[in-house]
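Participant: Sequence lines, in order, name chains V and W. Counting from 1, position 60 in the first sequence corresponds to residue 60 in this note's numbering; the numbering is continuous, with no gaps. Basically this note's numbering = 1-based index in the second sequence + 127.
It is worth saying that the hints were derived from the structure and are not from the lab. Any given hint might turn out to be false.
[To be verified] Selected chain V positions facing chain W (in silico; Cβ < 7 Å):
no., residue
1, Ala28
2, Leu32
3, Met46
4, Val49
5, Gly52
6, Ile83
7, Arg97
8, Glu101
[Unchecked claim] Far from chain W, some chain V residues (derived; all Cβ distances over 12 Å):
no., residue
9, Ala62
10, Asn67
11, Leu96
[As the list claims (entries may be wrong)] Far from chain V, some chain W residues (derived; all Cβ distances over 12 Å):
no., residue
12, Val138
13, Asn261
14, Gly282
15, Val307
16, Phe311
17, Ala456
18, Leu498
19, Ser505
Built from N, CA and C at the ideal position, the CB exists for glycine as well.
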Amino acid sequence: MELMLAISLGLLTAVGLWLLLRARTFDAILGLTLLSYAVNVFIFLMERVRIGVPPIIAKGTAPTLANYADPLPQALVLTAIVISFGMTALLLVIALRAQAETGCDHVDGAEEGDDGEPASSRRKDGG
Amino acid sequence: MAAELSHWIIVPVVLPLLAGGGLVLLERVRPAWVREVSLASVLLQLAVAVHLLAWADSGRVGAYLLGNWPAPFGIALALDRLGALMLLLTAAVALASVLYARGGDEARSPHFHALFQFQLMGLNGAFLTADLFNLFVFFEVLLIASYGLLLHGGGAGRLRASVHYVIFNLAGSALFLIAVAMLFGVTGTLNMADLALRVAQLGAEDAVLVRSAALLLLVVFCVKAALLPLYFWLPDAYGSATPPVAALFAIMTKVGVYAIARMYTLVFGDGGGVAAHVAWPWLPAFALGTLALAAVGALAARRMRTLAAYIVIASAGTLLLAVGLGTEAGVAAAVFYLVNSTLVAAALFLLVDRIAALRGSLRDRLRPAPLPQGGWASTGALYAVFAISAAGVPPLAGFLGKGFVLDAALAAPMTVAAWTVILVSSLGLLIALARAGTTLFWAGQDGAAPAAAAAHGAHRLALLWLLLLVIANAVFAGALAQFAQSTARQLAERRPYIDAVLGTKPVAPLRTPRQGVKK
Chain V
1 MELMLAISLG LLTAVGLWLL LRARTFDAIL GLTLLSYAVN VFIFLMERVR IGVPPIIAKG
61 TAPTLANYAD PLPQALVLTA IVISFGMTAL LLVIALRAQA ETGCDHVDGA EEGDDGEPAS
121 SRRKDGG
Chain W
128 MAAELSHWII VPVVLPLLAG GGLVLLERVR PAWVREVSLA SVLLQLAVAV HLLAWADSGR
188 VGAYLLGNWP APFGIALALD RLGALMLLLT AAVALASVLY ARGGDEARSP HFHALFQFQL
248 MGLNGAFLTA DLFNLFVFFE VLLIASYGLL LHGGGAGRLR ASVHYVIFNL AGSALFLIAV
308 AMLFGVTGTL NMADLALRVA QLGAEDAVLV RSAALLLLVV FCVKAALLPL YFWLPDAYGS
368 ATPPVAALFA IMTKVGVYAI ARMYTLVFGD GGGVAAHVAW PWLPAFALGT LALAAVGALA
428 ARRMRTLAAY IVIASAGTLL LAVGLGTEAG VAAAVFYLVN STLVAAALFL LVDRIAALRG
488 SLRDRLRPAP LPQGGWASTG ALYAVFAISA AGVPPLAGFL GKGFVLDAAL AAPMTVAAWT
548 VILVSSLGLL IALARAGTTL FWAGQDGAAP AAAAAHGAHR LALLWLLLLV IANAVFAGAL
608 AQFAQSTARQ LAERRPYIDA VLGTKPVAPL RTPRQGVKK
């Protein structure tokens, strides 16, 4: 199980990074989302892989970490999910506005080979 | 002792939070009051910061248990000399920024003041927190506010800079979380004081994990501080932000410097066990590279704002070099230089806007133009003062700060490289600033000068406040140097911070809890 989780984490991170480096806003957002999935699972696993242990203390079981899951990583993951969700939403808005203003979805606001000045004349092609 | 500080320590976080939240509501009902409330909030924060600094200057460390949970379990805030100084510096720069914004920039798009207050909340929280995950949360608070502020005013240029800035910082946040999770996995704690104790006890089998976590964290903080391979977002972002925002951003790179100074003395410093001094082999080398490239960038800048942005990068390089020396003298030099470099960078961003407004269509491009009439001489004089302090020429405090850094570098293994790069890059900055000054203020062309818009009173007030601070920084340099020394000593001692955070007991409830209500 550890091996499977490790491989899937590695895959998620690799795909996320590759998309992030594609220099298109849509790809970058997808890449960041995958990367944050990987990070969230990673935080979750920092408490070691265990099955069938609750994070809430119940009567009749000794209150030691042998019988329970540490609730802290779960709280951290929750915070991380909320934050990355909010950030992704914001990034989407910025990316859409940038696309509307520059007429291109390259992260530099201009295609490679251009002089970097986003020509408003190109806006028509962008749809 | 703790009772004496009582709840003051949380005021710098709660006050801007309430002000920011209130301003969002107030914008609809009483739009005219917004700027006054925002200004009042910043003034109050300044007063509280002065009070906290006076308290911390006695050498005590204050801790505050949020939610009244005992320290390693709940989140704790802690106040020491370094934190108090950063709070005061933030409030001082914020005052200049909010004053300047009253001159018209605040109206360029909605919610400026609310975002401004949230940004202050994130900054103050990052300087106060004693919990690593809480530091991440405050980083996100200040970042998300800064995304909004960077976009303030709109336009394709700002959008383009924002896309880079946001994506870059989101990737940085992912790295931050990975580093935090690794540290938690190895030590089982996130409280910085507790982390310092646990990391020291780790055996050799965890050495690789904890060292890689420490270095990942260093990368994250260097993203914030704009160190060599990670600074390319900065000139664009700072160059396109509205002037009061850019001035406030001058303190943002210092958050990274602060976090490095805190974590790599407290947790990964002398007492760091297997992870001791993990950052010091890397930091000075990259800092020197940053400094060298910043000087090149400053010399190549074609606009005054780009030049100011490269001065921010150069100051980050100098600061991280000083911290990265890993000695008490180095940290002291960094603390001293930090004050001056932040104030000067903020002042330059505001002044550039005045210059651009007076020059008309050429804005801040470094090309000769007909000299404007009204207010040009005083603008030039201000530029001279700020440029002298930024380049590190006597008699202002920038010179002393660089002197302290050079002096601290004498005891380090890389003295020759450090001296060469600092001195040559200073020369480069000096040439860039002097050339920009002569182009802007002396190389006048014949022709009709544009009708100069009179400076707004708020603009004058903001620049005057920063001028006052820069000069006061030079006049009271002795006192500040002493303060920087004791700050560095406090950071090196570690023990007071750890004892204060872990030793603070939860407050007893005011009255006994009610008996269970029976239904």
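Participant: Compare the structure with each hint and give your call.
Facilitator: Each hint, compared with the structure:
With a cut of 7 Å, the hint placing Ala28(V) at the interface with chain W holds, because the nearest CB-to-CB distance is about 5 Å. Annotation: Leu32(V) was flagged as interfacial toward chain W, and the flag holds, the nearest CB pair being 5 Å apart, inside 7 Å. A cut of 7 Å between beta carbons decides the hint on Met46(V): the least distance to chain W is about 4 Å, and the hint holds. Annotation: interface hint on Val49(V) violated; nearest CB of chain W at approximately 12 Å, more than 7 Å.
The closest approach between the C-beta of Gly52(V) and any C-beta of chain W is roughly 21 Å, which is over the 7 Å cut-off, so the hint fails. This hint holds: Ile83(V) has a C-beta 5 Å from the nearest C-beta of chain W, less than the 7 Å allowed. The beta carbon of Arg97(V) comes within 6 Å of a beta carbon in chain W, closer than 7 Å, and the hint placing it at the interface holds. Against a cut-off of 7 Å between C-beta atoms, the interface hint on Glu101(V) holds, since the closest Cβ of chain W lies about 4 Å away.
At roughly 19 Å from the closest C-beta of chain W, the C-beta of Ala62(V) stays outside 12 Å, upholding its exclusion from the interface. Remark: the non-interface label on Asn67(V) is consistent with the geometry, its nearest Cβ contact in chain W lying 17 Å away (cut-off 12 Å). Not every CB of chain W is more than 12 Å from the CB of Leu96(V) (nearest about 10 Å), against its label as outside the interface. No beta-carbon of chain V comes within 12 Å of the beta-carbon of Val138(W); the shortest separation is about 24 Å.
Remark: the non-interface label on Asn261(W) conflicts with the geometry, its nearest Cβ contact in chain V lying 10 Å away (cut-off 12 Å). Its closest Cβ contact with chain V, about 8 Å, brings Gly282(W) to no more than 12 Å, contrary to its assignment away from the interface. The beta carbon of Val307(W) sits about 8 Å from the closest Cβ of chain V, which is not more than 12 Å, so the claim that it is off the interface is violated. For Phe311(W), the requirement that its beta carbon stay farther than 12 Å from each beta carbon of chain V is not met, with the minimum near 5 Å.
Separation of Ala456(W) from chain V is adequate, the least Cβ-Cβ distance of about 38 Å exceeding the 12 Å criterion. For Leu498(W), the non-interface assignment is confirmed: its Cβ lies about 29 Å from the closest Cβ of chain V, beyond the 12 Å cut-off. Residue placement check: Ser505(W) keeps its beta carbon more than 12 Å from all beta carbons of chain V (closest about 35 Å).
In summary, the numbered hints that this structure violates are 4, 5, 11, 13, 14, 15 and 16.
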